[in-house]
Amino acid sequence: MIQVEKVQDKHALKAFIQFPCSLFSDDPHWIDPLFVEREEHLSEKNPGTDHITWQAWIAKKGETVVGRITAQTDSLHRELYGADTGHFGMIDAIDDPEVFDTLFAAAETWLKSQGAQNITGPFSLNINQESGLLIDGFETPPSALMPHGKPYYASHLERLGYSQGIDLLAYWMKRIDLFFSPSLTRLMDQVRKKVTLRALNRKKFAEEMQVLREIFNSGWQNNWGFVPFTEREFATMGDQLKYLVPDDMIHIAEVDSVPCAFIVGLPNINEAISGLHGRLLPFGWAKLLWRLKVSGVRTARVPLMGVRQEYQFSRIGPIIALLLIEALRDPFAKRNIDALEMSWILESNTGMRTILERIGAEPYKRYRLYEKKLQAE
878 MIQVEKVQDK HALKAFIQFP CSLFSDDPHW IDPLFVEREE HLSEKNPGTD
928 HITWQAWIAK KGETVVGRIT AQTDSLHREL YGADTGHFGM IDAIDDPEVF
978 DTLFAAAETW LKSQGAQNIT GPFSLNINQE SGLLIDGFET PPSALMPHGK
1028 PYYASHLERL GYSQGIDLLA YWMKRIDLFF SPSLTRLMDQ VRKKVTLRAL
1078 NRKKFAEEMQ VLREIFNSGW QNNWGFVPFT EREFATMGDQ LKYLVPDDMI
1128 HIAEVDSVPC AFIVGLPNIN EAISGLHGRL LPFGWAKLLW RLKVSGVRTA
1178 RVPLMGVRQE YQFSRIGPII ALLLIEALRD PFAKRNIDAL EMSWILESNT
1228 GMRTILERIG AEPYKRYRLY EKKLQAE
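Heads up: the sequence shown begins at 878 in the numbering used here, then just goes up one per residue.
Since the hints were derived computationally from the structure, they do not count as laboratory data. Please note that a few of the clues may not be correct.
[Stated by the list, open to error] Heads up, simulated DSSO-like pairs for lysine-lysine below, C-alpha to C-alpha not over 27 angstroms straight-line:
| hint | residue 1 | residue 2 |
| --- | --- | --- |
| 1 | K1119 | K1211 |
| 2 | K1027 | K1249 |
| 3 | K1211 | K937 |
| 4 | K922 | K1081 |
| 5 | K1250 | K1027 |
| 6 | K1071 | K1027 |
| 7 | K1119 | K922 |
| 8 | K1071 | K1081 |
| 9 | K989 | K883 |
| 10 | K922 | K887 |
| 11 | K989 | K1070 |
| 12 | K891 | K922 |
| 13 | K1080 | K1211 |
| 14 | K922 | K883 |
| 15 | K883 | K1080 |
| 16 | K989 | K938 |
| 17 | K887 | K1081 |
| 18 | K1027 | K937 |
| 19 | K1051 | K989 |
| 20 | K883 | K1250 |
| 21 | K937 | K989 |
| 22 | K1080 | K891 |
| 23 | K1119 | K1080 |
| 24 | K938 | K883 |
| 25 | K1080 | K922 |
| 26 | K1081 | K938 |
| 27 | K1081 | K1070 |
| 28 | K1081 | K1119 |
[As the list claims (entries may be wrong)] Each pair of labels, with its calculated beta carbon distance range:
| hint | residue 1 | residue 2 | range |
| --- | --- | --- | --- |
| 29 | G1228 | K1070 | 17 to 27 angstroms |
| 30 | S899 | D1215 | 31 to 41 angstroms |
| 31 | D886 | Q1041 | 47 to 57 angstroms |
| 32 | G1042 | N1078 | 31 to 41 angstroms |
| 33 | Q1098 | T1227 | 16 to 26 angstroms |
| 34 | Q1041 | A1112 | 26 to 36 angstroms |
| 35 | E956 | L1055 | 19 to 29 angstroms |
| 36 | K891 | T1231 | 40 to 50 angstroms |
| 37 | S920 | R1192 | 39 to 49 angstroms |
| 38 | S920 | T1227 | 16 to 26 angstroms |
| 39 | D886 | F1057 | 53 to 63 angstroms |
Everything numeric in this text was worked out from a predicted model, so none of it was measured. For each residue, glycine too, the CB sits at the ideal point set by N, CA and C.
Construct all of the structure, not just a fragment, from the sequences and the given hints.
Okay, here's the thing in structure tokens:
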């Protein structure tokens, strides 16, 4: 018999966080997250909790944890899409229908108590954090801040009545394969005369972060499930990026001295924390700093990129995106970064997908966001 327990104390939270490590122990591509980071993510230190209310559960068979899930509501999402919306996330479980049934029954019951009738997910904890269920691409490790999963998850969700909302794609690009055709090069040279690219100004770091936030919220506002970043969320993200991302791996594009687009290249933290088993003590800190600052990592991810709405359908908008991608080439070469993940890209974003495929990137992972309409009780 499967029992479900609410996560209400530190002991249960520890079990919730550490369960995937045992579940994926036989998966060579799994990378244990840093436990201290996961603890902060699921605490009031996460600025998303200003507008997200959540509850977590673990499923047990006897004394053994066999699954976990969260359910959450987001007041910013409800302002945009209605007061009847809710979400699930952080779903991990053994391949057992009863475990999935019990976990989702707990999550859906809680969401109904919060007035939810339309559920989307998985999100950890909202769309601006880890999003999607891995559908294709299990044979490679996840990049930083991207989820992993088991191939059987999807069939259990679909059996429970969840259907595809939209798919998210991750693109992989080797630095040596980055290619701009003569026609693209000519267009880029023309637009380069109108656009100024500059690296982040660290002396005005807080101000720069808010510039990036405004561009992101403008550029993404019409995308599926969009929820704006708050000032506190982006400021907190900036505090993290400040120590992880060199200045020349954040570029801002300006037209007539007005910022209109940006790109962030993040060294692949997952590559650096691999083998630490989630722990920074006693020697994890030293290993992490050595890998990031001395030996270096060989891969990176673009977790954030945005072009203001008014430029997206203009003639120069797509070319600005290309100039920003090109701007990362030299910083990557300088640090011996050989490959880059661009993620995530909405499957419906044909404009960006076309751009990436034209310059040598290939889709290599697919994540699915599910949705379900609950029957009112």
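Of the numbered hints stated previously, which ones are contradicted by the structure, given in increasing order? Of the numbered hints given earlier, those the structure breaks are 3, 6, 11, 15, 17, 19, 22, 26, 31, 35 and 38, listed in rising order.
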